[in-house]
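Participant: Position chains E and Z against the provided structure of chain W, taking the given hints into account.
Residue numbers (our numbering), protein chains in the order written: chain W, 421 to 731; chain E, 10 to 290; chain Z, 102 to 523.
Among the clues, some could well be false.
What the hints assert, rightly or not - PhoX-like cross-link-like pairs, simulated, lysine-lysine; straight-line CA separation at most 25 Å:
no. : chain 1 : residue 1 : chain 2 : residue 2
1   : Z       : Lys267    : Z       : Lys423
2   : W       : Lys577    : Z       : Lys267
3   : Z       : Lys284    : Z       : Lys348
4   : W       : Lys507    : Z       : Lys283
5   : W       : Lys582    : Z       : Lys290
6   : Z       : Lys423    : Z       : Lys241
7   : W       : Lys577    : Z       : Lys290
8   : W       : Lys582    : Z       : Lys283
Claimed, not checked - Now the stretches of chain E that chain W is said to cover, found in silico as 3 or more residues with beta-carbon under 8 Å:
no. : region
9   : 27-38
10  : 211-222
11  : 232-239
In case anyone wonders, no lab produced these hints; they're calculated from the structure. Here a beta-carbon is modelled for each residue, glycine too, at the ideal position from N, C-alpha and C.
Chain residues, written in single-letter form:
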Amino acid sequence: MASTALTAPAAKDRRPRWSRRRLGEHLAGWGFVSPAILLIGIFGMLPVLWSFWLSFQDTDLTSPGTFAGGAKYAELVRDPLMWDAAKRSAIYTVLFVPLTMVLALPIAVLLNQRIRGITLYRMAVFVPLVTSTVATGIIFNWLLNPQFGPVNAALSKAGLPKQGFFQDPNQALFALVAMTVWGWLGFAVIIYLSALQSVPKDLMEAAALDGCGRLKAFRHVELPLLAPASGFLVVWLTINSLQLFDEVYVTTKGGPLRATTVLVYHLYNKAFVDFDGGYAAAVGCVLFLVILLVTVVQLAISRRTSFYEGR
Amino acid sequence: MTTMDAPAARRLRFRRPSPLHLILLPIALVMVTPLLWMVLLSVSTEAETRRFPPGLPSGIEWHNYSDALHDAPLGHWLGNSAIVSVSCVIGNLVFCSLAGYAFARIRFLGSRALFVAVLATLMVPFQIVMLPMLIMVRTLGLTDTLGALIVPNLATAFGIFLLRQFFMTVPRELEEAARIDGASRLRILFQVMLPLMRPTLATLAVLTFLQTWNDFLWPLIAVQSPEHMTVQLGLQTFQGSHTTNWPRLMAGTVISQLPVFVLFFVAQRFFVRSVATAGLK
Amino acid sequence: MRQPSGRRITALVTGVALVAGLSSACGSGGGDAKKITFWHGYTDVQAETITKLVGEWNGAHPDQKVDPVFSNNDNTLQKTLASFVSGKAPSVAYQYGSSITALTGRHQTQDLTSLVKGDPAVDWNDFFPAARQGATVGDKIYGIPALVDNLGLVYNKKMFDAAGLKYPTPDWTWDDFRNAAKKLSGNNKYGWAYVNDGTEDTVWRFLALLWQAGGDLLDSANKKAAFNSPAGQQAMQLLHDMAVTDKSVYLDTGDQQYLNLFNSGRVGMLWTGPWDLGQINKDVSYGVQYLPGKATHATISGPDYYMLFDKKAQKTAWAFLKWLTSPQVHLRYATQTGDLPLRASEEKLPGYKDYLAKYPGNKVFIDNLSKNVTKARPNIKQYPQISQVLGQAVQAVLLGKKQPQAALADAAKQVDDVLAGS
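Same shape as in the complex, but just chain W (with noise of 0.2 Å):
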């Protein structure tokens, strides 16, 4: 955080808090983040208070709603289906953000080597980015069709029994976990290689010099410094695994069996096809406490594994 940033010169010469110095401080802090914070909070915090707002209410999404207390949130504790979405949000997210944070790292330091043809390898990782979701999931029903699929094919070829992917409640989820590591891979592995571009030169060289081997100035200097790009990774690969959607819509429809039934699919349903605003914004305001919590705790894990910031 911003302010532990400064824990350690600023307990060296504790100065009032209203000096002019920290006024001076406290201004240019303000001036700085104002026209972003103008702008999100027009489009981002005011519509998330809308939806908390929403969320003690009975409305069809457009007509005006009436206030029901809590019971939007009485509703969802005692809702079967909330719940099992819950433990499928949660199972998704435990495999999807450590997968894919493992396996983007050595890729990234692998790209971060000079040899010919870098950037064409560079472009490779790109583009599953690139590759709109409704492209990427047509590719994988085609792939894991589990009658005609190349890659059910494949496996007989081997000898192995055919899978049932999409079409088994018993897999579904963990072929949807493998199609998006494999479209968010890309995204985590450009952070990496940025980060890994951001390390001072010098301390490399330094730790050459030290007679440091190759791995161990790796584990030594370069993954300190990595800690920063890790934690917003961990962050941000939760926030958006925790609110899986597009990728179930464009392949299993949350089946088969509402085995791949996440939340926001369970909200979406409930806002878009039995129209209970204030159930789906209730839903909205579980799942926003879930991540904040998630969030804060990474941050201040990842704040205390900064290299720059703990020293």
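Facilitator: For chains E and Z alone, kept in the frame of chain W given last:
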């Protein structure tokens, strides 16, 4: 600038193919499969795309591309997408740099709460906030204009968060030195910090461009007139409820993604280490 | 917009406070009486034809111009709701029949009852019954039929020949159907394909089966589930026997591969409508027949509608739609696009012979409209929820995860709960 001559030294190593190709090549193939698939479909006949399992096209039907351009005002929509995306990239680079720097390095009243509030806007699913966002757009008189696509995305929580994280990695000493010399915050940001952040700024630019270029749901509900549509919305004109003209849709998709590839190609040069880092000491 | 004035901010806050009430305060206004907006999802030939027809209308009615705007059908409902919030609702929009109950009860949606009933020239009873029923909620009419279709049996003649099977006849029974599917299957081929994504695409084929067995979805008052009946069990049992026991059914995940598989000679029979005929490749020789029967050969129709959302533009919109859906104009449209006729009287027009000559496969579907489309889905607000429940039940049976009886009993209980309002 002791490292300026380093690339010359490295060039010597380029001769022998690196064993890393053995790892990188399979990864690259897995990643590009769908692109190849898209390109194949875009040069197939309609009948060929209506078979399963699919086979290779018998000939190359380039006319799908001219058909796609001829059937719909793709050029106009590409122009709209470009206006929207470029505006958002510039907006994000400026506003998020300012805010990200302040959140990372200036200790000001309420900064912690404000930063969490910014992140909080990402935590409610878009399906819920999109309707109140429309009301904001309407209140500002931007309904069904390109402004409705630009203004809400000029500064994003994503950009602020990303840049803040990377500002935190810049060694504090660099900044302290400039402060002692009496440089203002703004000068430090633009003359010391941002040059160090070139790879990250390039990343933000690419990702912002990509995000706004490929955005679908927001333009879908914020814009109605064909003259304000973006290319992603426009591609829908090839998709009826029961019949989709796959070759034309894929040709249109390939055309619509070309600018993003070009941008990435240009931007990835900036990903190369900024040599200034070492020289700034 | 960097520095919004104080008034702007107040307006914003009021905007938030009024959100839900906005629609009532601000009404709608995509067009005025002079020029109305018309959202449609037509592509290819359909788009060309509608553009031509609108041009013709605009030429003849310079004060009542229509501005056609493309909007993909799959997104139109969401887009329409959003337009209510953003205050720029379309004058007319093409909507799926299933969207009607979601749109009624919102004040932008225009009740057309008095217009339809008050104008003999509309000749409402000339529209096919399925289309009329789908437009009516309670005793009010909310849509003008834009498309009427239904399911028929489409089969690959070459696959039938290869299996030594006789082509389906109009009086084919479920047993004939099941046996044929079984003989067509094996060696990576399937007799039948069933869309198994749990959406309405899964449900409506089951409804046809249920009606064929003489059953019904709900009781006559739409208050209780009626499908947990002998007819319902027979229908589910057939799905179970074919998909699980015989393994003669290709289960489509919803990506519509079934049609490509049909084109490739891997699926022998489809239950589908006229919209798919245009996508069957030229080298595939196919036939169309009524659905097989149990008690009846009932089929199901999924009509779509033009709906009105702007009171100010109502007069122009109404005049235009009346013209567009009149027998002569619609037959011209259908002759270009292969749509089915909307009205019985289109069959008596001189151009009808040319239409049939151009689309011989449509004959079965047209006869279905007067013969076998005997029932319609209940037009009630809860239908989408009921459809979800049934979709799960059918899916569970097709995947062999539940026995027909258990699936029906569970679904019936859930539907009763939905109807009881819990």
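Participant: A separate judgement is required for each hint: does it hold in the structure or not?
Facilitator: Hints and how they fare:
For the hint pairing Lys267(Z) with Lys423(Z), the CA-to-CA distance comes to about 45 Å; that exceeds 25 Å, so the pair is violated. Between the alpha carbons of Lys577(W) and Lys267(Z) the distance comes to roughly 36 Å, so the proposed pair goes past 25 Å and is violated. Among the hinted pairs, Lys284(Z) with Lys348(Z) is consistent with the structure: their alpha-carbon atoms are about 11 Å apart, no more than 25 Å. At roughly 40 Å between alpha-carbon atoms, Lys507(W) and Lys283(Z) are farther apart than 25 Å, so this suggested pair is violated.
Between Lys582(W) and Lys290(Z) the CA atoms are separated by roughly 16 Å; this keeps the pair inside 25 Å, and the hint holds. Taking the CA atoms of Lys423(Z) and Lys241(Z), the gap is near 18 Å; set against the 25 Å cutoff, the hint holds. Between Lys577(W) and Lys290(Z) the alpha-carbon distance is near 19 Å, which keeps this suggested pair within the 25 Å criterion. Pair hint Lys582(W) plus Lys283(Z) holds up; C-alpha atoms about 22 Å apart against a cutoff of 25 Å.
Coverage of the region 27-38 of chain E by chain W holds. Counting CB-CB distances below 8 Å, 8 residues qualify, and the rule asks for three or more. Figure legend: the region 211-222 of chain E, annotated as covered by chain W; annotation consistent (5 residues with Cβ-Cβ distances under 8 Å, at least 3 required). Using a Cβ-Cβ cut-off of 8 Å, 0 residues of the region 232-239 of chain E lie near chain W, which falls short of the minimum of three, so the contact claim is violated.
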